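Participant: Protein chains in written order, with my numbering: chain A, 206 to 520; chain B, 11 to 371; chain C, 1111 to 1369.
These are calculated hints, taken from the structure and not from any lab test. Worth double-checking, as some hints may not be accurate.
The list that follows gives simulated cross-link-like pairs (lysine-lysine, DSSO-like), each with its CA atoms no further than 27 angstroms apart [to be verified]:
#1 C:Lys1255 / B:Lys246
#2 C:Lys1228 / C:Lys1241
#3 A:Lys314 / B:Lys246
#4 B:Lys263 / B:Lys186
#5 C:Lys1306 / C:Lys1113
#6 C:Lys1241 / C:Lys1113
#7 B:Lys92 / C:Lys1229
#8 C:Lys1228 / C:Lys1250
#9 B:Lys364 / C:Lys1126
#10 B:Lys92 / C:Lys1221
#11 B:Lys92 / C:Lys1113
In this text, all values refer to a predicted model and were calculated from it rather than measured experimentally.
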Amino acid sequence: MASSTEAPPRRNRTPRRPGDRIFAGVSTGSGVLILVALAGVAVFLVTEAWPALTAPAEDIPGGEGLVVYIWPLLFGTLISAVLALVIAVPLAVAIALFITYYAPRSIAKALGYIIDLLAAVPSIIFGLWGMNVLAPVTVDPASWLSEHVGWIPFFAGPASSTGRTMLVAIIVLAVMVLPIITAVVREAFTQTPQLHQEAALAIGATRWEMIRMAALPFGRSSIIGASMLGLGRALGETMAVAMVLSASAGVTFDLISSENPPTIAANIALQFPEATGVGMNTLIASGLVLFAITLAVNMIARAVINRRKDFDGAN
Amino acid sequence: MSTSLKTPEQDPDLNTPLGGVSLTAGQLPRSAAPTTLVAAGVAGLLLWLLADWAIVLCALLAAAAYVVIVYTWSRTVEGPRKATDRFVTALVSGAFLLALLPLISVIATVVTRGVARFDAEFFTYSMIGVTGEGGGIYHAMIGTLIITGLATLISVPVGMLTAIYLVEYGRGKLAKAITFFVDVMTGIPSIVAGLFAYALFVMVFGPGVRMGLAGAVALSVLMIPTVVRSTEEMLKLVPNELREASYALAVPKWRTILKVVLPTALAGIATGVTLAIARVIGETAPLLVTAGLTDGDNFDPFDGRMTTLSVFSYYEYQSPGLFAEASFDRAWGAALVLMIIVMVLNLVARAISKLFAPKSR
Amino acid sequence: MAKRIEVKDLDIYYDKFLAVQGVSMTIQPRSVTALIGPSGCGKSTFLRTLNRMHELVPNARVEGSVVMDDDDLYGPNVDPVNVRRQIGMVFQRANPFPTMSIYDNVAAGLKLNNKRLKKSDMDDLVERSLKSANLWEEVKDRLHKPGSGLSGGQQQRLCIARAIAVQPEVLLMDEPCSALDPISTQAIEDLMLELKTNYTIVIVTHNMQQAARVSDTTGFFNLQGVGKPGELVEIDETTKIFSTPAQKATEDYISGRFG
Ligand SMILES: Nc1ncnc2c1ncn2[C@@H]1O[C@H](COP(=O)(O)OP(=O)(O)OP(=O)(O)O)[C@@H](O)[C@H]1O
Ligand SMILES: [Mg+2]
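Build the full structure now, drawing on both the sequences and the hints.
Facilitator: The following block contains the structure:
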């Protein structure tokens, strides 16, 4: 199946060994399988969402049409994921730097493993933890924030008394994506060529200057790639948000009140079991929106990574 | 033909901007930073004990005080470059300590609440006929292992081969398309993957279908891009010199990939696969809609509902029923077991990657 | 401005392994000192202790003293960053920063210390450094292209330009020509002869002719025996070492009767 898809770019230079041909074919086949699977996802989403797209507004849950239904969900999804990333990316890069360049080398491996452990914690556990431990802890600081820095829209208040707020969801999401970003970035930092580190130090760079000259440029595309992974996970994280966030459908930048926009993924998980007919189609349409956002995010990230390929270190 | 850097007629400003630094110019004593740290720590402790402020606030204040003092001190004595270096050092170490907080809290919580049900019954019984206390997770444990194992069996070969295609063979439109769509797939929300698998199986088996295999397919959709990505990253880091050295010995390409490229990248790939498994083993949402929940044993992934630990834990917590405490205990117990399984898998993968890693690293 | 380096009874350890033992030598300013010797005898190790680059290896340490003019490099309050600022290094494999342009590579060290240097001054310094490294003519039209796009020999000269742009006192070179063709090698040897009017240069080389051509003083390192640490067998004027060495081992090595 593979040889036909492989054909166009390859000039017939030399007869290829059977081993080579089989191996190339199997590899190519796997790639094609991925395309087919993805096409399956897309086709399913579009066909199942179609009835909701064409249905009259009053049939959509809420009775005011698809846009009004999805907009708060979309808003909640974006604000939670983006703010989570704003917290997580700098922290993750800092942690990766700490482990690679600052921690004593004898324990660096162990420290890396500790952070990896965080990645291994399933989202259901973060859901339980966020709900039971983190949410109550935030109640007092949140009311302090609303009293003293309430002029910042994020902390307008009034503070929720349960703590199951957008702020907690964001923190939980940040904690969840942190190890994923750290792992990838750390791997890149450890691969920073010794040559370039030595070059920096030999012209009298301090450790931080060496990092800026050698490690960060080398790891830059990994940092972007890792952030992309993190964003993907934060956008689509379902259970932790569904459990932590006590959602009402308001669109607000206020992170600490009990009025919280839900997220698309959490909303699907919570509503799907009871959904029927157009309600089900509407949920799937919202899933389609989520899918489209992740697609856009990935395309932008890819464009950023490719922009300065000229200067890329690896090969 | 070359001009000397240090001929006298040149602008003196250009010739002496850097030279003449004494080797010991402006150095804080070695003990400066640790002493400041201890002082800031003690001050924070005093605030906590005497002024009775919140402990987190005291810790933050102490950390901030340390950073400010060391930075200003270093800046006046050592100059801005070293001050920045010290500042970054403090920042980066602080970030690490900060990240430990949730980890410790999560583990402590899950362990203290989870051990309540660590008894023989919990591991050897299912939930058949259990309404109040007691009951177990035997069925959920096996279900989790079966579904995740199947997903791994599907994803690892497909993912690795795709990555090999992309790095070693891929040219032209097809490779571009695959790279692009793997990126897209990376962002597929888990719930959407679940819906996809559900729909696929509905087409074959009719509406309302629930089976372990559907769960495994859903998890594979999530796992494959992670495996492709991490494998690809690692393969790209294998220096081209290695491949060329192998070709120069007339080793065919496929053997070069299998014997030279893959082993070099194996440790990294294993880490990536581990992360991928760690990600999917705790997935709840896609399994909610595909594999569902059942009280009894079902170890046949091709037939009927199959409970997994995460789904079990979720339902025990969300709908506790009459004996809430017993349900909560089971939820935390299942969560703890899930976490332990994840850690053990992690250790195993690490051990394997260590065994196969090239000796030189 | 070039400075003299005095090394006294230097022992170098990698953890518990004693790699180099009892080195004492004086490195004269404004001259080229070549270090030769069989592989694994500790030439690179020794060279790297002259600007404390060995400290990148965990648990590497030295005993003894290295004094530059009047400053002990290993004094209690000496910052290795200052040491490396004054004692530059060029490595066996050219290592321009791949993410930086040619211009930025040369300016990298300058920017560390002179944040507020005027653009024109910076241009000037970059140009002079590149000229000193005999690279200016070849790259002046593509200063803002990546440095990794140059040939191996050009890259190595770029690294030399980068090292001399910060105007160090001493330049250490570890087999700077081992990856280069004869023409590039020639260019770098010429460069060393020019640079030595301003710098103290120490070069490690496996190429005996090169040592004879460029150096004023030559030191011969050897292993004391299998599994034993390396040592400095003798150091003397290059002409003397290559004509009438004091030690039999040196003569054997130079005439190829080694091992
Ligand atoms: N990072 C290191 N850790 C431990 N031992 C090392 C390290 N680097 C070098 N050695 C050991 O120190 C000794 C001297 O090595 P060094 O690299 O200085 O030799 P060399 O004379 O430069 O050899 P060559 O001419 O091949 O470059 C060798 O026995 C080597 O194995
Ligand atoms: Mg060497």
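Participant: Now look at each hint and say whether the structure bears it out.
Facilitator: Tested hints:
At most 27 angstroms may separate the alpha-carbon atoms for a hinted pair to count; C:Lys1255 and B:Lys246 meet this at roughly 24 angstroms. Taking the CA atoms of C:Lys1228 and C:Lys1241, the gap is near 20 angstroms; set against the 27 angstroms cutoff, the hint holds. Under the criterion of a C-alpha separation no larger than 27 angstroms, the hint pairing A:Lys314 with B:Lys246 is consistent with the structure, at around 23 angstroms. Among the hinted pairs, B:Lys263 with B:Lys186 is consistent with the structure: their alpha-carbon atoms are about 21 angstroms apart, no more than 27 angstroms.
Under the criterion of a C-alpha separation no larger than 27 angstroms, the hint pairing C:Lys1306 with C:Lys1113 is consistent with the structure, at around 11 angstroms. Simply put, C:Lys1241 and C:Lys1113 have alpha-carbon atoms about 23 angstroms apart, close enough for the 27 angstroms limit, and the pair holds. Between B:Lys92 and C:Lys1229 the alpha-carbon distance is near 24 angstroms, which keeps this suggested pair within the 27 angstroms criterion. Of the supplied pair hints, the one linking C:Lys1228 and C:Lys1250 holds, its CA atoms being roughly 20 angstroms apart against a limit of 27 angstroms.
Between B:Lys364 and C:Lys1126 the CA atoms are separated by roughly 26 angstroms; this keeps the pair inside 27 angstroms, and the hint holds. Taking the CA atoms of B:Lys92 and C:Lys1221, the gap is near 14 angstroms; set against the 27 angstroms cutoff, the hint holds. Pair hint B:Lys92 plus C:Lys1113 holds up; C-alpha atoms about 25 angstroms apart against a cutoff of 27 angstroms.
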